Amino acid sequence: MARKPIITLITDFDTVDHFVGTIKGVIYGINPDVEIVDISHKVASYDIFDGAFTLAQSYRFFPADTIHLVVVDPGVGTSRRPLLARSMNYKFVAPDNGVLSLIYEREENVEVRHITSDHYFLNPVSATFQGRDVFAPVAAWLSKWVEVDKFGDPITDYTKFTSPRPKKVGDNLIKGVILKIDKFGNIITNLLPEDLPQLFAENPPPFKIIINQQEITKLNLAYSMGKPSELFAIVGSNGYLEVCTNRGSAAKILNVNRGVEVGVMLGTPSPAVPESA
Amino acid sequence: MARKPIITLITDFDTVDHFVGTIKGVIYGINPDVEIVDISHKVASYDIFDGAFTLAQSYRFFPADTIHLVVVDPGVGTSRRPLLARSMNYKFVAPDNGVLSLIYEREENVEVRHITSDHYFLNPVSATFQGRDVFAPVAAWLSKWVEVDKFGDPITDYTKFTSPRPKKVGDNLIKGVILKIDKFGNIITNLLPEDLPQLFAENPPPFKIIINQQEITKLNLAYSMGKPSELFAIVGSNGYLEVCTNRGSAAKILNVNRGVEVGVMLGTPSPAVPESA
Amino acid sequence: MARKPIITLITDFDTVDHFVGTIKGVIYGINPDVEIVDISHKVASYDIFDGAFTLAQSYRFFPADTIHLVVVDPGVGTSRRPLLARSMNYKFVAPDNGVLSLIYEREENVEVRHITSDHYFLNPVSATFQGRDVFAPVAAWLSKWVEVDKFGDPITDYTKFTSPRPKKVGDNLIKGVILKIDKFGNIITNLLPEDLPQLFAENPPPFKIIINQQEITKLNLAYSMGKPSELFAIVGSNGYLEVCTNRGSAAKILNVNRGVEVGVMLGTPSPAVPESA
Numbered sequence: 002m003a004r005k006p007i008i009t010l011i012t013d014f015d016t017v018d019h020f021v022g023t024i025k026g027v028i029y030g031i032n033p034d035v036e037i038v039d040i041s042h043k044v045a046s047y048d049i050f051d052g053a054f055t056l057a058q059s060y061r062f063f064p065a066d067t068i069h070l071v072v073v074d075p076g077v078g079t080s081r082r083p084l085l086a087r088s089m090n091y092k093f094v095a096p097d098n099g100v101l102s103l104i105y106e107r108e109e110n111v112e113v114r115h116i117t118s119d120h121y122f123l124n125p126v127s128a129t130f131q132g133r134d135v136f137a138p139v140a141a142w143l144s145k146w147v148e149v150d151k152f153g154d155p156i157t158d159y160t161k162f163t164s165p166r167p168k169k170v171g172d173n174l175i176k177g178v179i180l181k182i183d184k185f186g187n188i189i190t191n192l193l194p195e196d197l198p199q200l201f202a203e204n205p206p207p208f209k210i211i212i213n214q215q216e217i218t219k220l221n222l223a224y225s226m227g228k229p230s231e232l233f234a235i236v237g238s239n240g241y242l243e244v245c246t247n248r249g250s251a252a253k254i255l256n257v258n259r260g261v262e263v264g265v266m267l268g269t270p271s272p273a274v275p276e277s278a
Numbered sequence: 002m003a004r005k006p007i008i009t010l011i012t013d014f015d016t017v018d019h020f021v022g023t024i025k026g027v028i029y030g031i032n033p034d035v036e037i038v039d040i041s042h043k044v045a046s047y048d049i050f051d052g053a054f055t056l057a058q059s060y061r062f063f064p065a066d067t068i069h070l071v072v073v074d075p076g077v078g079t080s081r082r083p084l085l086a087r088s089m090n091y092k093f094v095a096p097d098n099g100v101l102s103l104i105y106e107r108e109e110n111v112e113v114r115h116i117t118s119d120h121y122f123l124n125p126v127s128a129t130f131q132g133r134d135v136f137a138p139v140a141a142w143l144s145k146w147v148e149v150d151k152f153g154d155p156i157t158d159y160t161k162f163t164s165p166r167p168k169k170v171g172d173n174l175i176k177g178v179i180l181k182i183d184k185f186g187n188i189i190t191n192l193l194p195e196d197l198p199q200l201f202a203e204n205p206p207p208f209k210i211i212i213n214q215q216e217i218t219k220l221n222l223a224y225s226m227g228k229p230s231e232l233f234a235i236v237g238s239n240g241y242l243e244v245c246t247n248r249g250s251a252a253k254i255l256n257v258n259r260g261v262e263v264g265v266m267l268g269t270p271s272p273a274v275p276e277s278a
Numbered sequence: 002m003a004r005k006p007i008i009t010l011i012t013d014f015d016t017v018d019h020f021v022g023t024i025k026g027v028i029y030g031i032n033p034d035v036e037i038v039d040i041s042h043k044v045a046s047y048d049i050f051d052g053a054f055t056l057a058q059s060y061r062f063f064p065a066d067t068i069h070l071v072v073v074d075p076g077v078g079t080s081r082r083p084l085l086a087r088s089m090n091y092k093f094v095a096p097d098n099g100v101l102s103l104i105y106e107r108e109e110n111v112e113v114r115h116i117t118s119d120h121y122f123l124n125p126v127s128a129t130f131q132g133r134d135v136f137a138p139v140a141a142w143l144s145k146w147v148e149v150d151k152f153g154d155p156i157t158d159y160t161k162f163t164s165p166r167p168k169k170v171g172d173n174l175i176k177g178v179i180l181k182i183d184k185f186g187n188i189i190t191n192l193l194p195e196d197l198p199q200l201f202a203e204n205p206p207p208f209k210i211i212i213n214q215q216e217i218t219k220l221n222l223a224y225s226m227g228k229p230s231e232l233f234a235i236v237g238s239n240g241y242l243e244v245c246t247n248r249g250s251a252a253k254i255l256n257v258n259r260g261v262e263v264g265v266m267l268g269t270p271s272p273a274v275p276e277s278a
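Residue numbers (the numbering used here), protein chains in the order written: chain A, 2 to 278; chain B, 2 to 278; chain C, 2 to 278.
To be clear, the hints were calculated from the coordinates, so they are not data collected in a lab. Fair warning: there could be bad hints in the mix.
Which copy is meant is left open, so a pair is good if it fits within one copy or across any two.
DSS-like cross-link-like pairs, simulated, lysine-lysine; straight-line CA separation at most 30 Å [stated by the list, open to error]:
no., residue 1, residue 2
1, Lys145, Lys169
2, Lys176, Lys5
3, Lys228, Lys145
4, Lys184, Lys219
5, Lys228, Lys161
Predicted model only: the values in this text are computed from it and were never measured.
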């Protein structure tokens, strides 16, 4: 293979301490001919869903054969298993705590293995930094094209959560949830255009997005189309409906965070204009 | 060309989300043999001048043929044009919003093109993340030595602001402005030694730098030459006059930020010693 | 040498400004075939011990011949000397302010040179950014296998501090100190298992760790074994005794920072059971 293999890193380690650098040292010590790419080290501490979502937003933009290493690992040092998952195009190395759940949802035919071959580890393995001692070395050996079956046997009882899906509540109301607040304060919901096809039809009905008792009634095509402090919806770069404001933080204006409910009412009849009139 | 091409990144994306990692995935997918270097992802959000200044401070320290990718793009999704600029030694890829203004000032014979060849883009192009869909792929193809004229035609009506220059107000007063507060709290002004040659002459006159009604009257050769909490001036690493304090934040002491006026009075006569005496 | 040389970076520059990117530009300009790895740019500003400790925690996880560049340099622009140190496996480039002290302690036969060959510098050398003008170019030339004796002569009077060691106070009390609070709020002390062998024996005596007048009496094998808000001790990934809590910040609970005393009392006799009884 002429192409240099890529290992990406997603962790909740932040970049203040030596952790990320040390992991890279371990990887380069095993495979000097690898490209290491930071996706994010600012996953919220211990937050498995945030790690899973960060991975889901980015993994498919990497070339085939990329190895995605995800270390959000509040159970480090316990018997939670280290996993190696493989889909058609990618490999994933992560603890068995659900952080690969969105991969199991999105990729077909994912084969998951329990990594047991501890001769690939940095021994003695510490109880507190297995990103360094277990996950990084396994990713590095994988990047040297060691066969996946050398690391351990397939399992099917791995931990998996189901990502929250919007719910229809009657004909005109759909309820979703905030998945993430991004750096700019944009509110990423779990609503996809396919959940709200009417909104994207030729003559969309009036609608209300309700978050924290406030109503958003406008859909824009670009962030900068909004007036100052005006809240509006937009379809984000991964397809999710976002609520945002031009050059400001929608999350601050609405005072919301991840997990808050997002309601969408379609075709709201105006009570001031009775139909019989 | 034996040398691996370099693409640098300047954005206001921060490193909390997946954005920067995703951009790198897209680049490596197109050109696995490129070196990607982060300059800063902490440009103030939507702040075109801050992006321009970050680029101006760093671009010329990179080897010839480096491609500088600048994505500070509050107008993403609108009709603002994506640009490819080329000077003798560097290429620049950025939105047409003025973020390359300091390059137009400093580099000679900059050729600017409107990028229109959308077969180089990641299609379908999103309305909210054209760093991923437009700018990164163009930079990646450029790093594979695709000719600049393949991307679009030259234009001359690109957006350009003029960087603020100090003004002489009478013989002994010059007025400048704060361009940036750096990480340490050092205050970077737009005053260059050539604006204040007397200060750097063999027998410099007394002087006063006035910021937020406070006076700085000392010029030091090194940060550590100041006494605790003492404010003094120094010539910074890009030639600008800075106001700083030893191991502390001058910006906090003076309670100032970018854009605040900086006055310099030269040869201030001492009112206590009348000339006729 | 087939292996690409590695230069690691430890600084207090943060990643907000252009500083780190500029340093990388300078390095790639001299040696395009080098791997640059960030260890941390968030060393506390001007904090030589924090830089030394970050280096000590990470340097040995890198492959042999790695060049570690450490720029925590409050004396930049003064006559403090730039140093090149070499141990059996590594090279270090740093200012002579003690930031290599833990290397002098841990590595055998460290040879330290005063870098004086200014033709390797980026001239003219600025007074405020010698990371760019002195340290980065020297590291880059070293990565091209320029012999260390080309940079300057050996010295023995370099600055060195002694890292704080625990003290025995009577038979059952040992006093240490907090070396670092990590990103998660874990409290890293300077106590090693060899300072407290009884604690790690087959039948360990009861013990009390006393920090800021609070007592910790439990030792766990993994972070997640603690109950919510419970404080406990653990042996960290570099061997130091840490005080932590499950999914939370022990440092916040105890309201402590670096430098605070840590007492350990072993085999505390229960006062309620008089020995003569």
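Find the hints from earlier in the document that the structure breaks and name them by number, from lowest to highest. Checked against the structure, the hints that fail are numbers 1, 2, 3, while the rest are satisfied.
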